[in-house]
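Student: Protein chains in written order, with the UniProt record's numbering: chain A, 1 to 370; chain B, 1 to 370.
Derived by calculation from the structure, the hints in this document are not laboratory data. Take these hints with a grain of salt, some might be off.
Which copy? The list can't say, so a pair holds if one copy fits it or any two copies do.
Using 30 Å as the maximum straight-line C-alpha spacing, the simulated DSSO-like pairs for lysine-lysine come out as follows [unchecked claim]: (1) Lys-208 x Lys-131; (2) Lys-163 x Lys-289; (3) Lys-202 x Lys-93; (4) Lys-163 x Lys-63; (5) Lys-208 x Lys-84; (6) Lys-202 x Lys-105; (7) Lys-63 x Lys-202; (8) Lys-84 x Lys-63; (9) Lys-131 x Lys-41; (10) Lys-57 x Lys-163; (11) Lys-57 x Lys-202.
Protein chains: 2
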Amino acid sequence: MTGKPDQNQAKAGRITISVDAMGGDAGPAVVVAGIAMSAEKNPDIGFILHGPAEQLKPLVARKRTLEGRVEIRDVRDVVTMEDKPSQVMRNGKGTSMWSALDAIKNGEAAGAVSCGNTGALMALSMLRLRKLPGVNRPAIAILWPSLNPQGFNVMLDVGADVKADAEDLLQYALMGTSYVRNSMDIARPRVGLLNVGTEEHKGSAVLKEAHALIAGHAAQANYEFTGFVEGSDIPGDTADVIVTDGFTGNVAIKTGEGTARVMRTALREAFEYSFLSRIAAVLAMTSLKRLSKRMDPRRVNGGVFLGLNGTVVKSHGGADAMGVSAAVKLAFRLAQHGFAEKLAARVASAGAHTQDDTAPRGMRAATEKD
Amino acid sequence: MTGKPDQNQAKAGRITISVDAMGGDAGPAVVVAGIAMSAEKNPDIGFILHGPAEQLKPLVARKRTLEGRVEIRDVRDVVTMEDKPSQVMRNGKGTSMWSALDAIKNGEAAGAVSCGNTGALMALSMLRLRKLPGVNRPAIAILWPSLNPQGFNVMLDVGADVKADAEDLLQYALMGTSYVRNSMDIARPRVGLLNVGTEEHKGSAVLKEAHALIAGHAAQANYEFTGFVEGSDIPGDTADVIVTDGFTGNVAIKTGEGTARVMRTALREAFEYSFLSRIAAVLAMTSLKRLSKRMDPRRVNGGVFLGLNGTVVKSHGGADAMGVSAAVKLAFRLAQHGFAEKLAARVASAGAHTQDDTAPRGMRAATEKD
Numbered sequence: 001m002t003g004k005p006d007q008n009q010a011k012a013g014r015i016t017i018s019v020d021a022m023g024g025d026a027g028p029a030v031v032v033a034g035i036a037m038s039a040e041k042n043p044d045i046g047f048i049l050h051g052p053a054e055q056l057k058p059l060v061a062r063k064r065t066l067e068g069r070v071e072i073r074d075v076r077d078v079v080t081m082e083d084k085p086s087q088v089m090r091n092g093k094g095t096s097m098w099s100a101l102d103a104i105k106n107g108e109a110a111g112a113v114s115c116g117n118t119g120a121l122m123a124l125s126m127l128r129l130r131k132l133p134g135v136n137r138p139a140i141a142i143l144w145p146s147l148n149p150q151g152f153n154v155m156l157d158v159g160a161d162v163k164a165d166a167e168d169l170l171q172y173a174l175m176g177t178s179y180v181r182n183s184m185d186i187a188r189p190r191v192g193l194l195n196v197g198t199e200e201h202k203g204s205a206v207l208k209e210a211h212a213l214i215a216g217h218a219a220q221a222n223y224e225f226t227g228f229v230e231g232s233d234i235p236g237d238t239a240d241v242i243v244t245d246g247f248t249g250n251v252a253i254k255t256g257e258g259t260a261r262v263m264r265t266a267l268r269e270a271f272e273y274s275f276l277s278r279i280a281a282v283l284a285m286t287s288l289k290r291l292s293k294r295m296d297p298r299r300v301n302g303g304v305f306l307g308l309n310g311t312v313v314k315s316h317g318g319a320d321a322m323g324v325s326a327a328v329k330l331a332f333r334l335a336q337h338g339f340a341e342k343l344a345a346r347v348a349s350a351g352a353h354t355q356d357d358t359a360p361r362g363m364r365a366a367t368e369k370d
Numbered sequence: 001m002t003g004k005p006d007q008n009q010a011k012a013g014r015i016t017i018s019v020d021a022m023g024g025d026a027g028p029a030v031v032v033a034g035i036a037m038s039a040e041k042n043p044d045i046g047f048i049l050h051g052p053a054e055q056l057k058p059l060v061a062r063k064r065t066l067e068g069r070v071e072i073r074d075v076r077d078v079v080t081m082e083d084k085p086s087q088v089m090r091n092g093k094g095t096s097m098w099s100a101l102d103a104i105k106n107g108e109a110a111g112a113v114s115c116g117n118t119g120a121l122m123a124l125s126m127l128r129l130r131k132l133p134g135v136n137r138p139a140i141a142i143l144w145p146s147l148n149p150q151g152f153n154v155m156l157d158v159g160a161d162v163k164a165d166a167e168d169l170l171q172y173a174l175m176g177t178s179y180v181r182n183s184m185d186i187a188r189p190r191v192g193l194l195n196v197g198t199e200e201h202k203g204s205a206v207l208k209e210a211h212a213l214i215a216g217h218a219a220q221a222n223y224e225f226t227g228f229v230e231g232s233d234i235p236g237d238t239a240d241v242i243v244t245d246g247f248t249g250n251v252a253i254k255t256g257e258g259t260a261r262v263m264r265t266a267l268r269e270a271f272e273y274s275f276l277s278r279i280a281a282v283l284a285m286t287s288l289k290r291l292s293k294r295m296d297p298r299r300v301n302g303g304v305f306l307g308l309n310g311t312v313v314k315s316h317g318g319a320d321a322m323g324v325s326a327a328v329k330l331a332f333r334l335a336q337h338g339f340a341e342k343l344a345a346r347v348a349s350a351g352a353h354t355q356d357d358t359a360p361r362g363m364r365a366a367t368e369k370d
């Protein structure tokens, strides 16, 4: 797809994001409200929207800000949360998810966003977009609220694949640092490898091997390797990129999200408990709103699929309009930075040191923020 | 050790807990303050305290409530947080940790508590107390604040061993339910197996095999198997016992603890932000204290080592007096219920269905709360 998004961008004067309108918990109305929020804030964005036209047309027509900026692709089928990835790969051709990915494949859009079934979206993305040369396992990277100056860490993999060997973990480190450079302004990200302790003798043989590999590539790939990190470092200020296998990463993010949700509920109950505490809540409103905004998972909605020929952002299935808008913004920002092309160059360049040079011609040119 | 704690209990009219005074981050003064808090609340508890006598004697003498209830064992060496388990197993004989465990082994105490190095404590516990017949890997179980009626889940393993096969996970389910029955009043605990999704086709081959094994033992061992659970279910109300391998469990608890700590800090900052929010904090004091108490990790301090001939409670290394007291209370409660003996009977009874009967004579008698 290299080059095609740029043509598209030049032609339309804006960046086009392909959006799967179906498959989220809240239905297409919320997705349309989300892209309308994005369009309102960003004059340089346009959309291709995938789903049943008779549902989408009236929703889009109601949003003035979307006038002339949305192309609807009429597709009838929807991937549900219950569908198995293997079924979707065989029978998914008429779905909005498939159509949304094909718009990247055909160079019509610079990135895709879907709120649908994660497993199916990853399977279809691999099928339609294919893995980057040299990538064994693509990964899902998410932003995690943390005490870092930038307010977030990137963690990967959080569930593309339940397994990862040492080479995979090295690639996650390379892809994660590339992602951080293109979504935040950090020239030399700190990389930590998730383990049960920070001492070098801890953990499995795979982790020890990955430790050596990631340490060995730090200078060449321009990141700082902080070594093993623990679960408590994920929301801390130890690393900008947390590398782990998809099983551990998935359990960690869901545990963190669950803990935060329980605490928010308990806080709300505490303020509703008595007359005095209700008054206190009113007085503290501004401070509590600031806290709530800082901790709001919707602000950082969007898992990015790394290691594919194209940028795919998975929005949370239960995202509201603000969440969808955040996912769209992320896809836009990565497209604007030419992230997919830079990542391809980075992986190819690292691969060249350990394997035969498989980098496609011309891909090595990317240097600015790779 | 079966029988000996009862003799001890009968002789002294109270239950004796063996306490390692050394190795915690805050030193022996905090440990002594902790056991004094326990002694104050509980007239049926006595202590054997292990560490350098010249340090411990004045500390104990200063606490009136400890008069006549503490026997000091003078040992010179201390296991530090930096010591490797293998070193401690070879050279740890003169340490307070070793001595604390030997008091269980010799039947002088019904349970042991240490704030020291987790890896060393587990290695020494296995060396001195030995594994229960039929147990392959002992596990560390912790209480986790949750939305359950009882306010806590039990999760295991959280770090005794980084690996676990399907048989190990079944044993964790059996040991965890036994623990829940003896530390909370739940006759038929709900057991969940931690995975990246709740659908039966998800996860590794080991998890699928464990799913079948745990389901197959539910009726006989009198628990309800709720199937696969996700990280978000850990602080929820889906299961009373969460079963996982030590690597995943360790990352999950540290991620949850880290997230909770960051949120508490952010909440404090929010209330210190402005004049109005400071007034609000004063008005909401009672409610916030209630919330803080509910979320206070010190209340549930204590990882229990399961699968050994004896009860060992690992207190957090950074525990304060209240934390130490909570760990002591847990050891006392489990001793009071004859937990170690009941657990042995439970594991032996489950083993009898899949292997040759290795249960020692007479152990099958335990029925009340096994």
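Student: Each hint needs a verdict: does it hold in this structure or not?
Tutor: A quick look at each hint next to the structure:
no.	hint	verdict
1	Lys-208 x Lys-131	both (26 Å within a copy, 28 Å between copies)
2	Lys-163 x Lys-289	neither (39 Å within a copy, 43 Å between copies)
3	Lys-202 x Lys-93	between (46 Å within a copy, 24 Å between copies)
4	Lys-163 x Lys-63	neither (44 Å within a copy, 54 Å between copies)
5	Lys-208 x Lys-84	between (34 Å within a copy, 17 Å between copies)
6	Lys-202 x Lys-105	between (43 Å within a copy, 29 Å between copies)
7	Lys-63 x Lys-202	neither (56 Å within a copy, 40 Å between copies)
8	Lys-84 x Lys-63	neither (34 Å within a copy, 64 Å between copies)
9	Lys-131 x Lys-41	neither (33 Å within a copy, 63 Å between copies)
10	Lys-57 x Lys-163	neither (42 Å within a copy, 53 Å between copies)
11	Lys-57 x Lys-202	neither (57 Å within a copy, 37 Å between copies)
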